[in-house]
Amino acid sequence: MAKILIIEDEPVVVSLLKRIITGMGHDVVVAEDGVQGLALAGSENITIIVSDLHMPGEISGMDLIRRLRSAKPQCAIVVVSGYPSPDVMGECEQMGITDFLTKPFEMTFVQAVIEGILRSRGTAAPTQQKQPL
Amino acid sequence: MINKTPLGIAFFDAEYGGVFRDRSLLVTGRSETGKTKLGLHFMAQGLRLQERGLMLSTERAVDLAIMADSLDIPVSGAVETGAFTLLEYNEFVPGRDREASIMLPPDGFVQLKQIIETNAIRRVVIDTVLPWITLPDPTHLAEHLFSLVRAFERLGVTTLFTLSQPVSAAAIRLRKMLEDVVPISITLLYEPEAGVRQWLVNKYLGLSPKAAGVRYDILPKKGIVPQPPVMVGERPAAPAPAPGPAPGRAKGRPTSFASLVLNQSAGASRSAPQGGAGQTRGEP
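Going line by line, the protein sequences match chains A and L. Quick note: the first sequence uses my numbering, first residue 1, plus one each step. Quick note: the second sequence uses my numbering, first residue 1001, plus one each step.
Just chain A, with the same shape it has in the complex:
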């Protein structure tokens, strides 16, 4: 079982992600903005961070990713966004982002992306509980 941090301010997206990830048998912690996200990333034993690129509050999404990457280099980071410009995608790639999901359709790949990350790290995935989306 892995602990996954979701940093996202849209309740609908949080609810969807939580449903998918807990359905896979993993633990989920949620932060509504970058400050809270950084704090949770520091205090919890997080394996994967799923973060929106557009965050409210004092830390921009890109700045948040940069800080998370620096503070938690061992964590896989999956960025969730709408229409990222090629520059933004390039910057994310340079920072070593593990994967990039766009809203709304690509959200359905969250499960596959998380399974792929855990498999590549040799983390045994818990028994999958199939959840309707």
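Simulated from the structure, these hints should not be mistaken for lab results. Treat the hints with care, since some could be wrong.
Claimed, not checked - What follows is a list of derived Cβ distance ranges for each label pair:
no. : chain 1 : residue 1 : chain 2 : residue 2 : range
1   : L       : N1202     : A       : G96       : 42 to 48 angstroms
2   : A       : D63       : L       : Q1227     : 55 to 61 angstroms
3   : A       : S70       : L       : G1082     : 47 to 53 angstroms
4   : L       : E1032     : A       : S15       : 42 to 48 angstroms
The structure displayed is predicted, hence computed values, not measured ones. Ideal Cβ positions, reconstructed from N, Cα and C, are used throughout, including at glycine.
Go by the hints and put chain L onto chain A.
Leaving out everything else, chain L in the frame of chain A:
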């Protein structure tokens, strides 16, 4: 690495080397230009390459099978074997003038994704893409389109989207936005009075498409073929009429994709279509 796969139209493949594998292409054109027939050519080409295909259409599955047979596009047999899956948006087919009124429920993509993954499908035709991109609030339309195209690409399928010729400013903007996020965009033109059909490549990533289009016909037993070159002083010959639905035996039982999804949204069974549920797979 750039990896291409044939579209299934000889003159296009000879010129461009095919389409980008596991990417998308957009085909725009008014009715009768041959968008659906092009989709069938694309499917047939995939079948020749042992690639399983799926076509989601506003046309009835039985009509598509008849249309393919009349063009000598060998897809009906593939429906029988399960190599080709036909899905209908709705059992009661709205006319093209009503395409805008079709709108998929939010879990429409999940349903389609499950069918594609379960059946190891490699080529997809979405005929028409309009139900996927019709939003009550167009504020985030660009994000929506980008996400849709990326989602199909992430599935590892080569996808052909068709779209009716835009006639309003909003529709033209929509088509432009979609064209921005696909690597290849083709427009099919048709002037019924002159009997002239023209194939234009608007966009081909990495190449400069030819400004001049290719004149083409839709011929019985041949499908989409280029017109022979016109000699100076010669009037272009009127193309043979496109074959209409011919009497024939439809293979398999058509299933309504949209009604399947809508039923599930309405609280009916939400179980994933497994092993061919919701598909035309030669069921009795």
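Hints, one by one, checked against the model:
{"no.": "1", "hint": "L/N1202 with A/G96: 42 to 48 angstroms", "verdict": "violated (37 angstroms)"}
{"no.": "2", "hint": "A/D63 with L/Q1227: 55 to 61 angstroms", "verdict": "holds (58 angstroms)"}
{"no.": "3", "hint": "A/S70 with L/G1082: 47 to 53 angstroms", "verdict": "holds (51 angstroms)"}
{"no.": "4", "hint": "L/E1032 with A/S15: 42 to 48 angstroms", "verdict": "holds (45 angstroms)"}
The structure does not agree with numbered hint 1 stated previously, though it agrees with all others.
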